[in-house]
Amino acid sequence: MIGSLIGIIASSGGAAASAGDYESIATTVVGSGGASSVTFSSIPSTYKHLQVRIIGKTDRALNRDGAKVTFNGDTSTSYVSHYLYGDGATAAAGYDSITTWSGIYRLSGNTSASNIYGSIVYDILDYADTNKNTTGRYVGGVDLNGAGEIYFGSTLFIKTNAISSISFAPVVGSNFLQYSSFALYGIKG
Amino acid sequence: MPSTYTPIATTTIGTATNSVTFSSIPSTYTDLVLVFNGKMVTAEVLLVQVNSDTGSNYSLTRINGNGTTAVSDRASGITYMSFSWAGTGKTDQFTEIIHFMNYSNTTTYKTVLGRTANASYEVTQGVNLWRSTSAINTIKIYGNSSGNIAVGSVVTLYGIKAA
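Just so you know, the protein sequences line up as chains A and B, in that order. Residue numbers for the first sequence follow the numbering used here, beginning at 1 and rising by one. Residue numbers for the second sequence follow the numbering used here, beginning at 1 and rising by one.
The reader is advised that the hints may include incorrect statements.
[To be verified] Cut-off 20 Å, straight-line C-alpha distance, at most; resulting in silico cross-link-like pairs (SDA-like, lysine to any residue):
id, chain 1, residue 1, chain 2, residue 2
1, B, Lys-161, A, Ile-25
2, A, Lys-159, A, Ala-128
3, B, Lys-161, A, Lys-159
4, B, Lys-161, A, Ala-26
5, B, Lys-161, A, Tyr-179
6, B, Lys-140, B, Val-41
These are computed hints drawn from the structure, not numbers from a lab.
Turn these sequences into a full structure, and let the hints steer you where they fit.
Below is the structure:
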């Protein structure tokens, strides 16, 4: 377990995982029509942790957005998230109080330059353990050459169900735009 | 499921040097992760350039905590990437982990996430942008103001390939 924790800490900011411990499960790349959501379903329960690596842009009429995360198709009031962020001038903390999704940030929005995409690395820990609520943590941000935001935060799904599906949707916008990419990886324990 | 997170190259510093360069990086991965664990000979920070681009094609936004204060800043039109806080170089052991996301795509600019952690002093998390749609094939990590990387420091480049 310690080895896999070291691996997950690594891949989101610490040392790197050992070869063979980290497997690619599925990838979605958004096509020219955009996508209102991206879902990974039938996630095997055989890993210890999951990691989702995202580059993304939404159609929000602003230069930044984020992604709502829900698990197992559950849209009940069972999610909380907290974060630290910097906007280039101020460092601050915030939270999304218990609600129907957790937010992870930052992706770029539609008023940013067409080829600027935000990026997020999101770890979901002990996702198959039915003795625990599900904790996640992420780092993410977008730089716009004169604007931008950097975030790191945590999410909590207040259910002990094993995670078998993960859905992402824009926080404010309606669609993820073309070339946005969501890649799901499993980390063995 | 295909196993990934593959070590591409590792450099262990035998003689103090200003820079480490990974070149001819294969384009077959989805993301790259560069891991630095070491020290600087003098109190300088590490900077990064890609594809030998020394032009003003980089920018950054970052957040820093030093145990007393949390701050954020940004810089635009600069000649390097940085994931440390300006002027806070130390000679203590530190780690720097940098994620080059979708590095080989030729459609988007390159967004790079990174963190520097110096347990004696500070932690900084940053997002950098390289304003080029070129695939990244070379990464140079180097000491600011000709500062040298100390003997024993290790720099490793990993590739992550999405299914």
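Would you list, in rising numerical order, the hints stated earlier that this structure does not obey?
Of the numbered hints given earlier, the structure breaks just one, which is hint 3.
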